[in-house]
Each structure stands twice: as C-alpha cells, then as structure tokens.
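Could you put the whole structure together from the sequences, leaning on the hints where they help?
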Amino acid sequence: DAQIVIGARSAVFAPLENLGLIIVDEEHDSSFKQEESLRYHGRDVAIVRARQQNAVIILGSATPAITSFYHATRKKFKLLKMKSRIGGRSLPTVEIVDLKNKEKNNSLFRKKLLVALQDNFANQKQSILLLNRRGFSNSMICRDCGTIAECRHCQVSLNLHKSRRRLLCHYCGFTLPEKTICETCGSINLFPVGFGTERVEEEVRLLLPEARVARLDSDKASDRKVFMKVLQAVRAQEIDILVGTQMIAKGLHFPNVTLVGVVWADGGLSFPDYRSAEKTFQLIAQVTGRAGRGDTHGNVIVQTMQPQHYSIFLAANHRYEELARKELEIRGHAGFPPFVRLVSMRVEGLSEEGTRRRALEIGSEARLWVKLRGYKSDIAILGPAPAPIEKLRNMYRWQVLLKAEQLGPLHDLADHCLRLFKNKGAEKVILDVDPESML
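Taken in order, the sequence shown gives residues 1 to 439; the numbers are from my numbering.
I should point out that these hints are in silico values taken from the structure, not numbers from a laboratory.
Take every hint as true, because none was put in to throw you off.
Each computed BS3-like pair below joins lysine-lysine, with the alpha-carbon atoms no more than 27 Å apart:
id: 1; residue 1: LYS403; residue 2: LYS75
id: 2; residue 1: LYS376; residue 2: LYS422
id: 3; residue 1: LYS83; residue 2: LYS326
Okay, here's the thing in structure tokens:
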C-alpha cells in the first residue's frame with residue numbers, strides 16, 4: 001500500500017503496480033552495479049522498468065556518468081540543469097597545490113593546506129579531509145631484501161592498519177600481526193610505505209592537538225552505530241576536522257564546513273580503467289560540494305602530483321561539460337563506451353595453468369565463432385590475458401574482453417561460450433555485461 005518507496009539498489013524491484021516516477025539519485029555512483037551473482041546495474045534496470053510501466057524517470061547527479069551525458073546529447077535523455085546552488089550560494093573557491101614543489105617538512109600537508117586548517121580551527125569552522133584510501137599505509141617493505149608483504153590468497157600487498165595492529169588484505173580479509181617477519185628473508189625490519197586515512201588522522205592530531213578529530217571510512221562504517229555517532233557529532237559541531245574516504249564526499253550536509261582538503265587527488269588515475277579520469281573528476285567535484293553549504297563561503301585545497309591533468313584542473317574549475325566532451329572525444333578514438341558495448345568473460349580457477357588454458361580455449365572459440373558468422377569487422381576480441389589482479393581469494397583469474405557497437409552479437413557470442421564451457425572442467429566462467437570494474 002506504500003505510495004513512496006525509498007531504498008538502495010534493490011529498491012528498483014519493489015512491487016509497485018501503479019508506478020509513475022522513479023528517481024535515481026547520484027546516478028553516476030558505481031555502487032548501483034551489483035557485482036556478485038546476478039549482475040545488474042540499478043540505473044539501467046530502473047530505465048527499463050520506467051519504460052515498461054510508462055513512468056517518468058529522473059537520473060540525478062552533479063557529475064553525471066559520461067554515458068548518461070552522451071545519451072542527453074543524442075536526445076535519448078532530456079538534459080535539465082540546476083544553474084545555481086540552493087539559496088543562491090556561490091560555489092567554493094578551489095585551489096590546486098602542486099606536490100612536486102617540495103617543502104622542508106615531511107608532512108602530508110603542504111603549508112597552504114596546513115595554514116588553512118589552522119585558520120579554520122581558530123575561527124571555529126569545520127573542515128573535511130579526503131583521502132580515498134583506508135588504513136595507515138598501503139604496503140610494508142622489508143629493508144633488508146626489498147620484498148613487499150603480500151596477501152597469501154591474493155596478488156596484492158597488505159595494508160597496515162595501525163589501529164588494529166594488523167596487516168590486512170582489503171580484498172579477502174587475510175591478516176598478519178603488525179610485527180611480522182619478511183616471508184622471503186626472515187627479517188623483522190619491515191617499514192610502512194604510502195599513507196591512508198589512519199595516517200592522515202594521526203598527523204592531524206599531532207599538528208592540531210586541540211582539535212577534535214574523527215575518521216569515517218569503511219573500517220568505521222562497518223559498525224553502523226559508530227558511523228551514525230560520528231555523523232551526529234559533526235552535525236552538532238562537536239567535531240572540528242573529519243577525515244575520510246569517498247563516503248564523506250557526497251550526500252552530507254554540514255553547514256559549518258567551510259574548508260575541504262583533498263590530501264592526494266591522483267590515486268584513482270593510476271587504475272587500469274578507461275573511466276579513471278571520469279571517476280577522479282567526480283570524486284573531487286563531489287567533495288568540493290561539501291564546502292560552503294551554509295552562510296560562509298567555502299574553500300577547497302586540492303593536493304596533486306598532476307596539477308595539469310584535465311580531470312583535476314576541470315574539477316577545480318567546476319567545468320563538468322568540458323570534462324564530458326573531452327572524455328567522449330578520447331573514448332570515441334579509443335573505442336570505449338558509450339560508443340561500444342563491453343562484455344567481460346572472466347575465467348577463475350584454483351589451478352594457474354588450468355585457468356590460463358581454459359581462457360585460451362575461450363579466446364580461440366570466440367574468434368572462430370566471429371569468423372564463421374561474418375562478424376569479424378563488428379566484434380573486437382581483446383585477450384585472453386591475466387586480470388590486473390591475477391589472483392584473488394585463492395582463485396587465479398584470466399579474462400577475455402568483447403567489444404562491439406551493438407549488444408546483440410555480443411550476447412550471442414557470450415551465450416555460445418558460456419554454454420560450451422560452463423560445465424567443462426573445474427574452472428568457472430563469469431560473464432559481466434558493461435563491467436563496472438576492470439580489475
């Protein structure tokens with residue numbers, strides 16, 4: 001009997017018969033993609049459902065997905081713009097700080113950001129510090145032989161979580177004690193490299209000992225009571241500086257936050273993902289929107305090693321459409337969505353050689369199928385190749401990527417390969433249409 005249903009991704013399946021309106025808020029967010037078992041994108045399901053039930057659908061975002069913007073330029077969607085902030089407030093002033101310009105101190109914060117934090121605290125205003133990496137450091141290295149401490153089940157380095165006194169794999173949860181030995185040479189002389197939100201929090205407390213500091217990342221948010229307690233404390237102005245990952249970048253309204261600092265803006269640009277620039281822009285633009293939501297003008301300081309990178313420069317200047325058009329130009333030349341559709345066929349298995357062999361068989365079968373059906377000029381087959389993370393949760397991973405302008409032939413090819421190899425051998429074949437993660 002409910003007239004309005006509010007929910008996360010699965011709410012798109014709510015059994016409403018007389019459906020008239022669907023609103024997908026923050027439609028660009030990658031969390032709308034269900035990555036396990038039945039794979040689907042909540043936004044795309046919402047679009048199909050609205051069409052089937054003759055309902056209106058609104059895709060809302062300050063930084064729309066490039067594919068959504070493209071559909072708007074092609075008149076598939078209608079583009080509506082909000083040209084000012086609520087209450088007519090001005091957009092915050094954004095300043096880029098080049099991390100290549102060395103300073104005498106070894107702090108995570110350049111002088112400009114540190115002084116801004118000090119001034120904001122002195123003026124009884126609140127600040128947000130964003131770093132999209134949790135933990136204290138992102139790896140531990142042996143001083144004696146140079147080995148990086150790795151997860152025993154995944155091909156990734158272990159992150160130091162100082163608050164737990166553990167080394168932790170962010171993919172499978174495997175842990176070792178902080179005071180561990182090098183598995184190559186037996187040395188106990190390991191040291192942390194890189195930094196995460198825990199280290200940012202620690203450094204803020206050292207530099208501003210009188211400030212009330214809190215941290216929000218997935219470590220903290222795993223306990224909902226702790227998560228809500230921190231949000232309520234920030235809202236009640238009982239916290240001076242909030243440190244966090246991308247979860248603090250959107251959807252939060254704290255009128256007394258007048259300063260946002262992006263500690264390191266470059267992290268996402270190194271990912272093997274054709275959307276890395278888009279995601280970097282979105283993260284900076286979204287967290288920028290947390291500053292100056294009250295009566296006081298907001299300021300944002302972005303620290304980066306790549307101040308001239310278009311995603312960072314355009315985000316700092318609030319120029320989304322320029323970013324979108326540049327990305328469309330790049331993707332058009334390179335042959336990436338929205339100009340083509342992608343289907344990933346990933347092979348996973350306990351045997352490294354068996355997984356490689358099965359992936360090669362699928363690649364050969366796919367090329368033969370394309371040739372026999374005359375699709376050679378329409379479908380591109382990339383791989384087989386090891387996945388960027390070649391081993392995850394004890395499973396070796398290879399993938400074949402299919403590209404075509406139309407989804408129909410890709411569906412036929414993927415279905416053919418799945419039927420042929422699904423129950424053949426111990427390896428598992430996983431299909432993902434329009435994959436959100438390329439890892």
